[in-house]
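Residue numbers (my numbering), protein chains in the order written: chain A, 1 to 667; chain B, 1 to 148.
Hints listed in this document are in silico derivations from the structure and should not be mistaken for laboratory results.
Just so it is clear, CB atoms sit at the ideal spot from N, CA and C, and this is done for glycine as well.
Covered, in the sense of this in silico footprint (three residues per stretch, anywhere, with C-beta under 8 Å from a C-beta of chain B), are these stretches of chain A:
1. 112-121
2. 630-642
Within a straight-line C-alpha distance of at most 27 Å, the following computed DSS-like cross-link-like pairs (lysine-lysine) qualify:
3. A:K397 - B:K114
4. B:K30 - A:K107
5. A:K379 - A:K256
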Amino acid sequence: MARIGVFICHCGENIGETVDCTKLAEVTSRFPGVVKSVDYKYMCSEPGQTLIKEAIKGNRLTGVVVAACSPRMHESTFRKTCSEAGLNPFLCEIANLREHCSWVHEKSEEATNKAIDIVRALVEKVKLNEPLYPIKVPVTKTALVIGGGVAGIQAALDIANGGHKVILVEKNPSIGGHMSQLSETFPTLDCSQCILTPRMVELAQHPNITLYSYAELESLDGFIGNFKVKIRKKAKSIDENLCTGCGLCTTKCPVKKIPNEFDENLSYRKAIYVPFPQAVPNKPVIDRENCTYYLKGKCKICERFCPTQAIRFDQQDEIIEVEAGAIVLATGFDIKRADFFPEYGFGKYKDVIDGLQFERIASASGPTLGEIRRLSDGKIPKKVVFIACAGSRDPAKGIEYCSKICCMYTAKHAILYKHKIHDGQAYVFYMDIRAGGKNYDEFTRRAIEEEGAKYIRGRVSRIYERDGKLIVVGADTLMNARPVVIEADMVVLATAGVASPGSEELAQKLHVAYDQYKFFTEAHPKLRPVETNTAGIFLAGACQSIKDIPESVSQASGAAAKVCGLFSQNELTRDPLIAVVNRTAPPLYSTCVGCFLCQSVCPYQAIEKEEIKAKDGSVIKIIAKINPGLCQGCGSCVALCRTKSIDLLGYTNRQIYAEVDAILNTL
Amino acid sequence: MDEFEPKIVAFVCNWCTYAGADLTGTSRIKYAPNVRIIRFPCTGRIDFMFILKAFARGADGIIVSGCHPNDCHYTSGNFHARRRWIVFRSLLDFLGIDVRRITFSWVSAAEGAKWADLVNQTTAEIRKLGPYTSYHKISKPEEEVIYG
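Same shape as in the complex, but just chain A:
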C-alpha cells in the first residue's frame, strides 16, 4: 500500500503569493495514498529538508512529491534528501508549481486548482515509481577542446597541466583566434600577441596536448565519459613531418592577390601561406580554392622549390577517430561586417572600417606596419569618428543585446589613435558607456580626460562622402538632440559581435542548446555558467555570449576545473532512466517478438539481440536487449514497439497513463 508524502514549498512569496498553499496541502492530504501533506516556507532550506527526512522515517513513506520549483532546479537536491533518509531517490518526484504555475498565472482560484492538478498527477505517478539504482560507467580521461582561441588555449593548458590528455581542434591553419589579430588589449594596453604567443607555443609543445589545426569536428557519438569523436583533418597539401616551415614555398608562390583573412582582407596573401608570422603550427597550407594547380592543373612551383619535398598535392582529408571523456566548446565569436550597415556606407567607402580592421591597421604586424593610414589614399587621418553600438542594442537590426566589449575597445582605439597621431582628434558616438570591470571605467575616463577623445552621446544617422571627406551626421542627445556634423577622414564602426559561423551546425552535432542568436546556452545562467545541458560538454569564452579576454580566460579555467573534477573519478554514475525489454515466464519469456524495429530508431546503437536458450543450448527465441551502458533513455523505441514490450524506467506507460488520468480527473 502506497504511503505518499506531499511537501509543498511556498518558495517565500514566489509560490505562496499566487497559490493557496494551505488549501493545497489540505486538498492533497485527502488524495488516496497520501499519508502526509505539509506546506513550508522554504522546502530546500536545511529545516525544510529535515522536515522531509523526518516525515520519510516517521510516516514510513514509500514515495515523496515535492511541490516546489522546476525539477530542473532542485530535483537532485530533494532526491538526495530522500536518499539520506533511506528512501530510494527515484521514489521522489517534483511537482513544478513555480515556473509552470505561480510565476505564469495571477493569484486566483484557477492557479490553486492547477497546482492541485499538478500535484495529483505526480502523486499518481510516484505511486508507480520503482526503486532504481545508478549505472556506473568508466571515464576516458582525455578532453576534447574545440576552438583554439584564447579560451580554448587556456582550457587546454589548464586541463593538460592537471595531468590529463587534451586534443585541441582548430578550424584555421593556426591557433590564436581573434586575440592574435588584436594590436593592444584594454585596459592595460598590453601587446596582444606578446601575451598570447607564449601560450600558443606552450600549447604546441605540451606533452599532454595533441593539436589538430585546419581540422573540424565531423561527428560525435556517445555520452559523458565516453564520447566517440570523429575529426576531419582538412588536407593541408603538405607533409607536416617533412615541412620545416622555412617559408620558401610562400615566397615563390605566384598567386599573390588573395585577400588575407588574418588582416581582415586589408592585405594579400599567397595560395600557399602561413596566416601570420607567429602562427602555431608555423607550417603552411595550400588554399585549394585559389591555387593555380587545383584550378588549372599545372604550376607546382612550390613543389619545385621545397627543399624537403613536403608538398603533397594528392593529400586527402583525413578522418581521425578519438575517444574523449569531456568536451570544452570554445568556438568564439565573429563580428558583423559589410552590407550590414548601408546607412554608414560600410562596404561603399573605403575609409569606413570595422573594429577588427582598425586593430590590424594599428598593429605593428598589420598591413600598414602599425601606422594609422587611410585605406583609400594612404593619408594620415586627422579626424577619426568611432561609432559604438553599430548593430548592437538595435532591435531594428535584429540584435537586441549589448556586445559588451565595444565600449572598451573603442576607448582603446581612441587612445591608440591619439598615441600614434598626436595632432589628430578622435570622436566617439555612444549610447551609454558600459565600463564595468576592473580598471575599466578609469580607462574610458582616461580616453576622455587625458587623451582628449570627444565623446558625443547620440546616434549617427548617416555617413556620406564629400570632397574626400566622410561627412558624419549625428545628434548630441545631451544637448537637446542638437545635430552634429563632423567632417572625418576615417570612421571606425564598433560592429556587433555575433556567434561564430557554423555554431548552429556544431550545436546540432553535439546536441547542445543554443539561443536565438546561435550562442550556446549554459545549463543555468547563474549557477552553472560553464556547463551545457548535455552532460560532459562545457563552455568557454565568447561562444556562450560575447566576452572580453579576462572573462574568456576565467571561464576557460572554470571549464577546465569542471573537466578535471570529472576526470578525478574513475567511474561515473548515471541516472538509470533507461529502456528495458520485459521478461515473462516461460514459454513466452518476453512479449518481444524480435522484429527489431527498435534497432532502427535507437540513436545510440544500444539495442542488441539476446538469445534465449534451452538447457541443451538450443535457441528458443531471439529478443531485443538494451545495453544499459549505451541507452540514454530517450524512449523512441518504447513508443515504436509494436508489442509494447519495451518500457522506459521513470517514464513507464503505466506512469504516464496514471498522470493523464489524474490530470483530467477534475480539470
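Using the hints provided, position chain B relative to the given structure of chain A.
Same frame as chain A, but now just chain B:
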C-alpha cells in the same frame, strides 16, 4: 452561463519545451491556466495512444511540443515524433477525430515567450471549438483497462 474553459494537456520533452516553459515562468510571462504539462524525456517517447487516452478522459485539446528539427537532445527523437504525427493525423482524420484539437509545435529552451503564445493561441482555438463532447460521449472510462 460561464464561459467554457477548455481542458488541455501538453505532452512536452524535457530538454526543449519543458525548459522553454520554465523560462516563461522565470520571465514571469502570464498565460492561460488551462494547460497541464506532462514531462517526457523526448517527443520520440510520446505514444499517440496517450493522446487518445487524454481525449477519452475528458481533454478538449492536446499540445505536443519538443525541440526544433535538428535540435533533439537525442539526435532524432523529434523526427520520429513528427513522422508518427503525420501518419497518425491522417489516421485520426479518417476516423473522424477532430485533428484541429491537436497542436504540434516546436518550442526551444530559449523560447519562453513562444510557449506562452502557443498556450494562449491553443486555448483560444479550443475555446472556439467548444468541449469535445462527441469523443467524451463514446469513451466510457469505467470500462477501460489501464494499459501497461
